[in-house]
Amino acid sequence: MAVRADDDLIAKLGDSIESSSSGEEGLVLTVKPDAVRAAVSALKDAGYEYLSYLTAIDRGEVFELVYRLCSLEPLRDGAIKARVPREDAKVGSITHLFKGALWQEREVYDLFGIVFTGHPNLTRILLPDDWVGHPLRKDYEDERLERRPNVY
Amino acid sequence: MEETKELTINMGPQHPSMHGVFRVEVVVDGELITEVHPSIGYLHRSFEKMVEARTYAQIVPITDRLDYVGSALNNVGYCLAVEKLAGIEVPERAQYLRVIAAELNRISSHLIALMASGLDAGALTILFLHLQPREKLLDIMEKLCGARLTYNYARIGGVSGDIPPGLADDINAFADDFLKTVEKLKRFFFGSRMFRQRAEGIGVLSREDALSYGASGSTLRASGVNFDVRKAQPYLVYDRIEFEVPVGSAGDSYERALLRVEEMRQSVFIIKRALEQIPEGRVIAEGVPRLLAPPPGEAYARIESPRGELGFFVVSDGTPYPYRLKVRSPAFSNLSTIEAIGPGCMIADFVITVGSLDPVFGEVDR
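In order, the protein sequences belong to chains A and B. The first sequence begins at 50 in our numbering and counts up one residue at a time. The second sequence begins at 703 in our numbering and counts up one residue at a time.
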């Protein structure tokens, strides 16, 4: 499937886009958290048929979600970003669009504690089920964690 | 006919057929698997948290421990991402050396994958066939990097050392010899009914599922998608080297293994051409600070590892430590397809199907 012009996509998503850029990393759209599903779906329809990965970054007040999507033949990169508030970290699941998200969303839930609504089986995947806390959060505390060394 | 009763069986994590520490609960009806409930994480070391307390240069040897069968490629992938973020130019000679190390490592990794598949099927010939070339490969890698498994070869800005005198001849001699081994592998392994009967038409992954699950590498190409990062988004000097990417169509366990054999052949050609083309010069960029602090920002670099698209997503906040480092693990995504291709296998063939995805648990669990 040919990739349609990015402008069409931006027009289609309208107000839900907070910012967009197009550079070496391909099309990058920052959308409102409640529009993630619609945005991923629109990109998929536009030929971005492959979910390379999805992950999160702890930015303090917010978690920044990153979905890297691409079309493969030829390779064309795209990404969706969304900022969800730390206090109520919730976002719609995209497992109905990409089965690869089944495990990836579980991983983000496991390590960041972000809830993906609509995921059929949102349980911990890498850590044991009875683990307390979400390690990749910056405020996660564990005495076994290494501290940053002093470097000069 | 007698009625069978549904039974849930636990396989792994401590079982040689599970290729590391994979646990899976299978629901069986007689010998036939009807449901698959995989469970991973037994080798989780929290790599992504661990690296947040280390400087960029200190992380290189830890990347070795991700995909420990293809560690030279992990180094390269990580260094490419950091270099992209920090804007470091790598000398041409170092780029060629990285290609050579990566392709040598790809061959030794594929040898392990095939050997394991052979063992699963009871085809022991392959084990004995793979020992000698792998031993020679490890000797070559030892001379090149000083280690036999965790190479730690790529450095931010280049590689740790130049190719020692005489090793290029050794590699060339190995390459010529290895092409004969590839033919033998094809004959003894893929001609053998032992393997064919238990892999052909079994564990079929459709093109749609392969894309949807985010599979990559030979798992994706066996399902008919022509995607190889080396061709799609050439990094290092792959755009200057001629080689082919084998693509399949059946998507079964047999073809996933078969593509690996062909890939090994192509890797041999890449190595030979790289040795012909390699220019003189430095092997590490000048002026890379020991305590590198890339400017705030983010970068994603992907490479073609033996398992598929291996990516490193680095986020910097301007300090000498990465703010966030995400590993896009091909083995993780490939293994997740087991939920789709497991049901319908016999228990014994399921083991071969898992093996055909070539999961390495250092990378799946991170």
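Among the clues, some could well be false.
Stated by the list, open to error - Below 27 angstroms or equal to it, Euclidean Cα-Cα: the simulated DSSO-like pairs (lysine-lysine) are:
#1 B:Lys751 <-> A:Lys130
#2 B:Lys933 <-> A:Lys93
#3 A:Lys61 <-> A:Lys93
For the record, the hints were derived by calculation from the structure and aren't laboratory data.
Structure versus earlier hints, numbers of those that do not hold, lowest first | none
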